[in-house]
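**Student:** Given these sequences and hints, build the entire structure.
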Amino acid sequence: MIRIERLTKKFGSTETIKETNLEIHAGKIFTFIGPSGSGKTTLLRLIDLLDRPTTGRIFFDGEDTDGTEQMRLAVRRRMGMVFQKPAVLNTTVAKNVAFGLKFRGVPEADARQKVQAALDLVGLPEVTDRRAVTLSGGEMQRVALARAIVTEPDVLLLDEPTANLDPVSADLIEELIIRINKKSGTTVIMATHDMIQGQRLADRIGVIMNGSLVQTGTSTEIFYQPGGRDIARFVGIDAITGGIVMENTGGHAVIRVGDCCFEALTDIRKGQRAALYIRPEEVTLTPADSSQEITSMRNRLNGRITRILPYGPYVRVTVDCGFLLTALITRRSCSELGLAIRTDVVAGIKATAIHVLAEEG
Amino acid sequence: MDDIAQGVIQAINLIVTLNPDVMQIAALSLYISLSATLIAALVSIPAGGFIHFHEFYGKRGLIVVIQTLYSVPTVVVGLVLYLMISRSGPLGFLGLLFTPEGMILGQTILIIPIMLGLVISALSGVDKSISDTLIALGATGFQKTLEIVKEARYAILSAVVLGFGRAIAEVGVAMMIGGNIRSQTRVLTTAITLETGMGEFGLSIALGIILLTVALIVVVTLNLITSGLSSESQQILGGPRG
Chain A
-14 MIRIERLTKK FGSTETIKET NLEIHAGKIF TFIGPSGSGK TTLLRLIDLL
36 DRPTTGRIFF DGEDTDGTEQ MRLAVRRRMG MVFQKPAVLN TTVAKNVAFG
86 LKFRGVPEAD ARQKVQAALD LVGLPEVTDR RAVTLSGGEM QRVALARAIV
136 TEPDVLLLDE PTANLDPVSA DLIEELIIRI NKKSGTTVIM ATHDMIQGQR
186 LADRIGVIMN GSLVQTGTST EIFYQPGGRD IARFVGIDAI TGGIVMENTG
236 GHAVIRVGDC CFEALTDIRK GQRAALYIRP EEVTLTPADS SQEITSMRNR
286 LNGRITRILP YGPYVRVTVD CGFLLTALIT RRSCSELGLA IRTDVVAGIK
336 ATAIHVLAEE G
Chain B
6 MDDIAQGVIQ AINLIVTLNP DVMQIAALSL YISLSATLIA ALVSIPAGGF
56 IHFHEFYGKR GLIVVIQTLY SVPTVVVGLV LYLMISRSGP LGFLGLLFTP
106 EGMILGQTIL IIPIMLGLVI SALSGVDKSI SDTLIALGAT GFQKTLEIVK
156 EARYAILSAV VLGFGRAIAE VGVAMMIGGN IRSQTRVLTT AITLETGMGE
206 FGLSIALGII LLTVALIVVV TLNLITSGLS SESQQILGGP RG
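Going line by line, the protein sequences match chains A and B. For the first sequence, the working numbering begins at -14 and goes up steadily by one. For the second sequence, the working numbering begins at 6 and goes up steadily by one.
Check each hint, because a few of them may be wrong.
Claimed, not checked - Going by beta-carbon spacing under 7 Å, a handful of chain B positions derived as facing chain A:
{"id": "1", "residue": "D132"}
{"id": "2", "residue": "S134"}
{"id": "3", "residue": "I135"}
{"id": "4", "residue": "T138"}
{"id": "5", "residue": "I140"}
{"id": "6", "residue": "A141"}
{"id": "7", "residue": "L142"}
{"id": "8", "residue": "G143"}
{"id": "9", "residue": "A144"}
{"id": "10", "residue": "Q148"}
{"id": "11", "residue": "E156"}
Claimed, not checked - Below, in silico cross-link-like pairs of lysine-lysine (DSS-like), each with a Cα-Cα straight-line distance of 30 Å or less:
{"id": "12", "chain 1": "A", "residue 1": "K70", "chain 2": "B", "residue 2": "K155"}
{"id": "13", "chain 1": "A", "residue 1": "K99", "chain 2": "B", "residue 2": "K149"}
{"id": "14", "chain 1": "B", "residue 1": "K155", "chain 2": "A", "residue 2": "K80"}
{"id": "15", "chain 1": "A", "residue 1": "K(-5)", "chain 2": "B", "residue 2": "K133"}
{"id": "16", "chain 1": "B", "residue 1": "K155", "chain 2": "A", "residue 2": "K99"}
{"id": "17", "chain 1": "B", "residue 1": "K149", "chain 2": "A", "residue 2": "K87"}
{"id": "18", "chain 1": "A", "residue 1": "K87", "chain 2": "B", "residue 2": "K155"}
{"id": "19", "chain 1": "A", "residue 1": "K70", "chain 2": "B", "residue 2": "K149"}
{"id": "20", "chain 1": "A", "residue 1": "K(-5)", "chain 2": "B", "residue 2": "K149"}
As the list claims (entries may be wrong) - What follows is a list of derived Cβ distance ranges for each label pair:
{"id": "21", "chain 1": "A", "residue 1": "P92", "chain 2": "B", "residue 2": "S134", "range": "21 to 31 Å"}
{"id": "22", "chain 1": "A", "residue 1": "G213", "chain 2": "B", "residue 2": "R65", "range": "39 to 49 Å"}
{"id": "23", "chain 1": "A", "residue 1": "A94", "chain 2": "B", "residue 2": "S134", "range": "23 to 33 Å"}
{"id": "24", "chain 1": "B", "residue 1": "I222", "chain 2": "A", "residue 2": "P92", "range": "37 to 47 Å"}
{"id": "25", "chain 1": "B", "residue 1": "Y62", "chain 2": "A", "residue 2": "S(-2)", "range": "15 to 25 Å"}
{"id": "26", "chain 1": "A", "residue 1": "I181", "chain 2": "B", "residue 2": "L227", "range": "52 to 62 Å"}
{"id": "27", "chain 1": "B", "residue 1": "F61", "chain 2": "A", "residue 2": "R89", "range": "29 to 39 Å"}
{"id": "28", "chain 1": "A", "residue 1": "D151", "chain 2": "B", "residue 2": "L39", "range": "51 to 61 Å"}
{"id": "29", "chain 1": "B", "residue 1": "L47", "chain 2": "A", "residue 2": "T53", "range": "25 to 35 Å"}
{"id": "30", "chain 1": "A", "residue 1": "F44", "chain 2": "B", "residue 2": "V224", "range": "49 to 59 Å"}
Hints were generated in silico from the structure; no laboratory data involved. Where is the CB? At the ideal position from N, CA and C, for every residue including glycine.
**Tutor:** So, in structure tokens, the structure goes:
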């Protein structure tokens, strides 16, 4: 559907998008995740042909979009975009939603029907005649979504569509995105700094950091096998560095970090340096004096709790095992196990839950 | 104090009896100033749109020049135009000197900078995200411009009202280009100047009151149109949400 080749974008001397190559397939949901200011919005604007790239090309259905304004307008009209801060014009909701149809010369009677259908789809059938500027943030975002889909675009671009919304409104928008994708087969390209949202919605994810597309893959690949330390940190994984592969038998390796040895699956050869990436929710904790057994865990590490941080219905527990290891457990587990700062614990990790990357230097 | 009191009484008398001379002067003032406002609006709105929507070398400098011209003295405009349209001037063949049309031209030149500057400000006041949204929705350049001008309509209307206010209140251009010829080019401001000079304070005060009244009527009418439009849209749209 969309192919990006060697794309860059500079504003003055600042390279906001570094050389990027990407292919997004029709009918899929593709999500760009990355910290604020990493270049996600710039990339979306380039894809929507709102800005021209400094170098490189964007192909839409095989057609190079680097043409005349007329040609770019024709391609742009096959897309719809929802911005992070929805802008509505000072007129009725119906007229706001109808703008795209009006620009395309759709007869008024047809436009009225399509507008009503779009507003029904986003759950706002009653607000047709209300002034758009009087809507709440969540309603305004849904109107912006209706306005983008009313023209039945092949591609829907969404820039942080749930930022600044309450959880209920955000859930509603997410449901709508999935419904639009499933119902019409619309390709959805979304930018979000909310990695959990990206994980929930996307068929494929692209991680953007400092203007570079550093990794693309499925949510499992991104969240369990991050391509580097920065990506790991962004997706919530602490790295344990300074490991050395002591032995490797057919991909089953023993890696020493300080005084501890880990068993993990990797192709990294004996003697090489390695960093370990472990998702906090893959770490189990048991008090050291407990009689409970952790039978299936290949790795057991003794340590002492140094920090307990509330994290919604969970707590993030930091354990000092000679290096810092983070575990994510429910609040209930935490209190039932009697965990507190300075409690001695045994941390358990399955060998398959450890992602290993070679460390340079 | 007597002069003022007598002036007010005379003013009321002239207005109530619809004195033909006074009515003729008021009508001519209104004709000239409204014509100048209309022409200036027809020039300023598209020109303001062009300046706002296009990037070109010297744009910032041009806006500074326009803003400086807000305060150009009316007599300077009168003098320059006089030199242009006097019989020996380059536009002398048009025969505009000492005619209402010449006065319309003068007032148009006088109010274009302020109207143009305020139209540019009005368009700049429309959020940049509106422009991006319209482009993303598939608007052509012309469609985008039209919608943004519509979005700024109330601020643009204010620019037009302010332009009219400057036109009807000015005296320099009217005096120098019109010549204050009775029944031909005498308008409210030049008549006030003349009558005051002749010691006819009553008539001057009467004309002053009429000038203010005419300005008030025009401004109130434009405001009613504006608030009428807003309340109409409020009514259609169900009013603001709590």
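**Student:** Okay, which hints does this one fail, numbers in order?
**Tutor:** none
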